[in-house]
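Spelled out from the first residue to the last, the chains are:
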Amino acid sequence: MSEYQICTNCVMDTTDSKITFDENGICDHCRTFERDVLPHWHTDKSGRSELDRVVEKIKKEGERKDFDCIIGMSGGIDSSYLTYLAKEELGLRPLVFHVDAGWNSQVAVNNIEMLVDKLGLDLYTEVIDWEEMRDLQLAFFKSGVSHIDTPQDHAFFATMYKFAEKHKVKNILTGANLSTECIRNPLEWMYYQSDSIQLRDIHRQFGSKPLTNYPVTSILRHKVYLPYIKGIKVLRPLNYMPYVKEDAIKLLIEKFSWQPYPQKHFESRFTRFYEGYWLPKKFGYDTRKVQYSSLIVTNQMSRTEALEKLKEPALDEDTVKQEFEYVATKLGITIKELQGYMDAPNKTYKDYKSQESIYSAGAKVMKSLGLELGGKR
Amino acid sequence: MLRPRIIPCLLIKNNGLVKTVQFDKSKYVGDPLNAVRIFNEKGVDELMVIDIDATVHNREPDYRLIKNLAAECRMPLCYGGGVKTVEQIQNIISLGVEKVSISSAAIYDPELLTAAAEKVGNQSVVVVMDVKKKKFSSKYEIFTHNGVKSTGLRPVEFAQKVEALGAGEVVVNSIDRDGLMTGYDLDLVTQVRDAISLPMTVLGGAGSLQDIKQLINKYGIIGAAAGSLFVFKGVYKAVLINYPSPAEKDNLYS
Amino acid sequence: MITLVNYGLGNIQAFANIYKRLNIPVRNATNADDLIDAEKIILPGVGAFDWAMTRLCESGMRERLDELVVDKGCPVLGVCVGMQMMAKSSDEGVLDGLGWIDAEVKKFDEAAFTQKTHLPHMGWNDAMPRTTDCLFRGLEDDARFYFLHSYYFVPSRERDVLADTDYNGPYTSSVRYGNVFGVQFHPEKSHQWGIQLLKNFAEL
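Protein chains in written order, with the numbering used here: chain W, 1 to 377; chain E, 1 to 254; chain R, 1 to 204.
Hints may be right or wrong, so weigh each one.
[Stated by the list, open to error] Derived DSS-like pairs (lysine-lysine); straight-line CA-CA distance at most 30 Å:
| no. | chain 1 | residue 1 | chain 2 | residue 2 |
| --- | --- | --- | --- | --- |
| 1 | E | Lys-27 | W | Lys-65 |
| 2 | E | Lys-249 | R | Lys-199 |
| 3 | W | Lys-336 | R | Lys-20 |
[Said to hold, decoys possible] Estimated spans, in silico, between C-beta atoms of each pair:
| no. | chain 1 | residue 1 | chain 2 | residue 2 | range |
| --- | --- | --- | --- | --- | --- |
| 4 | R | Cys-57 | W | Pro-313 | 45 to 51 Å |
| 5 | R | Glu-140 | W | Arg-64 | 40 to 46 Å |
| 6 | R | Thr-30 | E | Asn-251 | 42 to 48 Å |
| 7 | W | Glu-61 | R | Glu-140 | 57 to 63 Å |
| 8 | W | Lys-336 | R | Asp-66 | 37 to 43 Å |
| 9 | R | Glu-110 | E | Gln-22 | 58 to 64 Å |
[As the list claims (entries may be wrong)] So, partial list: chain R residues that the calculated Cβ filter (under 8 Å) puts toward chain E:
| no. | residue |
| --- | --- |
| 10 | Asn-17 |
| 11 | Val-70 |
| 12 | His-118 |
| 13 | Pro-120 |
| 14 | Trp-124 |
| 15 | Asn-125 |
| 16 | Val-154 |
| 17 | Pro-155 |
| 18 | Asp-166 |
| 19 | Gly-169 |
| 20 | Pro-170 |
| 21 | Tyr-171 |
| 22 | Lys-189 |
| 23 | Ile-195 |
| 24 | Gln-196 |
| 25 | Asn-200 |
Honestly, the hints are just simulated from the structure, not real lab data.
Virtual Cβ for every residue (Gly too), placed ideally from N, Cα, C.
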């Protein structure tokens, strides 16, 4: 039984069982950031000019079309800020693309509306078949794994790529960014959501409805086929300029009456429940440690502040009780059944079929080609 | 001062929310429970939820769904779809629903209205008339079974009849305007409004808040219901639940 | 502890949900035994007067309620028809009311309305409280609720009126006589205004 240890620089600790520390007690997440990410992350003039170059290309490619790119929009801070940036600062003509998996919070819906209205942009929503989503989510609960938000995440990407391919849109913009996500959730906490083999195996074992309308993608499809064969590129503009979360929030509130969320990803009620309660309670994995650590190494948060916040649970007892009941009701099960899944033995992605070998091989290739910085481990 | 009611209307088919165009071509809108939850948080005046399959398939109301929806509403909820008996009405009301809407049953079994009003009070008995003009006709007619079965009944006369029988509210639903978002059918509204003294709600055709404002300006106290307007956004009819803010609502009343 | 009188009429579930979210314990009373130790009572009601009175008497709770409210001074909140039942009689029916407040219930006189008004009175309207130290605390500036009724409460004593509402002329929308409170509107279906009022009742 190894002892508890926490990084002296960020707040990642031994709840990430693969964490290692150097002689100064600094963890490998920090070291990877310093060594692999920072040197290649340009938010200065060089970054901006690279961004401008790419943007020009996008504008040219989309000249006679109704829109020149699509932005995956969840209503969260990153995608909201990106939407503002794309239209107002980069002069693009994006189609705002939103995937409704059935768990939108009122705040998210409101934020999307504010942005779309005030920026005068067009919105496209893809609604995932709720009965299939519900069944798939339930299957993940039954499987006992920790990455039970896979059905939502997988659907978001699959749907967006499907749309891009169908409408021959070459450019997808996402709010993914190093500023708040340079340190990633350990694989053990959140396995690759794009692994369709894992998804299908869990569905086969615990699902009861066929996946007819639910969009399934695969890592090969969206890391190889779509970009290299179909020429669909994913751009992360927030990595090419200084992106300070606090400033972004302030701007959005001021310009759009945007409403902030208490924590990252809380725009989805399910994710709020999952990251705020289920994951920490059942597995001891607190995603705030990952998020705060990213903010710490990018100097947007002090370690002291992070430690202070981590002292309290993300969701208070009353909220947990309400949300527990809502999630159970929505999934069509009783509170007792949901509690049963909570109490069942913990499983990992290794307990089910997966394409992990492809991911590991792929990650090595990407890294050696300089195509990806950092990355999950 | 009593305010006009602005009412989102949700249609359920196969357990999912849908939106139709002229009672046809249903587009999937998502999970009813989450939509109701969002509307509740937006503080809507009132909500209508209609199961559009129940009559056609001769099904019982889905009591579990009704109970779950009602639990999310801190505002009145009106539920309808396949309601045929007083017992069903009482059951639905007991699950926490304020009003029950009756459509085809009001036509084929009008005494149901009186019997129901005696038990649950007429304020909880709502009659919905699905109305359209038959081809080559300039007269409005009531249709049932999702706009397919012609009844030969005229909305004005029928509205007067149900008022006398014990209905507490009449909803006029224009099949012709459904989902088109080109505005309410004000001719139809005027005809029925002038004929009865019950509270009335109008559904079918609202395309913008301006349409609602126009309706309120013309008729004062009235229920302005809409499906597409509160569920879709923009030219691509992107599903996004929306509802006027308190400030926007005040503007609609003035 | 709030005791909800469940005699088969009224949106018990809605009251229960609200108090649950407020973390205030609630008991669902379906018979006289359930009323033992009641500290505060809510009497909901929907539908016709006679039918409501009949159901209440058939539930077996009538006598115990009279004891609690009249003899023991237990605070009670009558909602909509629940409030109307607390009067002596109603134009809507032939049965006697509970008589906990000296009042009658009359039907809105459509003929006397100056403008075309409809019955039932249906929708969101304002309650104008005459005092804000009990039920209407925190609702001084904005007290809007959902109304759904065709009959209205007429207390004999002016001082029992707690709030007025305008529907083609003012009428009593809330009353108080000692421990007996009544609201004509539906606080359980009036969003944050209703929640505040129900919270106030629990905290009295």
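Hint check:
{"no.": "1", "hint": "E/Lys-27 <-> W/Lys-65", "in the structure": "holds (26 Å)"}
{"no.": "2", "hint": "E/Lys-249 <-> R/Lys-199", "in the structure": "holds (27 Å)"}
{"no.": "3", "hint": "W/Lys-336 <-> R/Lys-20", "in the structure": "holds (18 Å)"}
{"no.": "4", "hint": "R/Cys-57 <-> W/Pro-313: 45 to 51 Å", "in the structure": "holds (50 Å)"}
{"no.": "5", "hint": "R/Glu-140 <-> W/Arg-64: 40 to 46 Å", "in the structure": "violated (60 Å)"}
{"no.": "6", "hint": "R/Thr-30 <-> E/Asn-251: 42 to 48 Å", "in the structure": "holds (47 Å)"}
{"no.": "7", "hint": "W/Glu-61 <-> R/Glu-140: 57 to 63 Å", "in the structure": "holds (60 Å)"}
{"no.": "8", "hint": "W/Lys-336 <-> R/Asp-66: 37 to 43 Å", "in the structure": "holds (40 Å)"}
{"no.": "9", "hint": "R/Glu-110 <-> E/Gln-22: 58 to 64 Å", "in the structure": "violated (37 Å)"}
{"no.": "10", "hint": "Asn-17", "in the structure": "holds (6 Å)"}
{"no.": "11", "hint": "Val-70", "in the structure": "violated (27 Å)"}
{"no.": "12", "hint": "His-118", "in the structure": "holds (5 Å)"}
{"no.": "13", "hint": "Pro-120", "in the structure": "holds (4 Å)"}
{"no.": "14", "hint": "Trp-124", "in the structure": "holds (5 Å)"}
{"no.": "15", "hint": "Asn-125", "in the structure": "holds (5 Å)"}
{"no.": "16", "hint": "Val-154", "in the structure": "violated (19 Å)"}
{"no.": "17", "hint": "Pro-155", "in the structure": "violated (22 Å)"}
{"no.": "18", "hint": "Asp-166", "in the structure": "holds (6 Å)"}
{"no.": "19", "hint": "Gly-169", "in the structure": "violated (12 Å)"}
{"no.": "20", "hint": "Pro-170", "in the structure": "violated (11 Å)"}
{"no.": "21", "hint": "Tyr-171", "in the structure": "violated (12 Å)"}
{"no.": "22", "hint": "Lys-189", "in the structure": "holds (5 Å)"}
{"no.": "23", "hint": "Ile-195", "in the structure": "holds (7 Å)"}
{"no.": "24", "hint": "Gln-196", "in the structure": "violated (12 Å)"}
{"no.": "25", "hint": "Asn-200", "in the structure": "violated (16 Å)"}
In summary, the structure is inconsistent with hints 5, 9, 11, 16, 17, 19, 20, 21, 24, 25 from the numbered list given earlier, while agreeing with the others.
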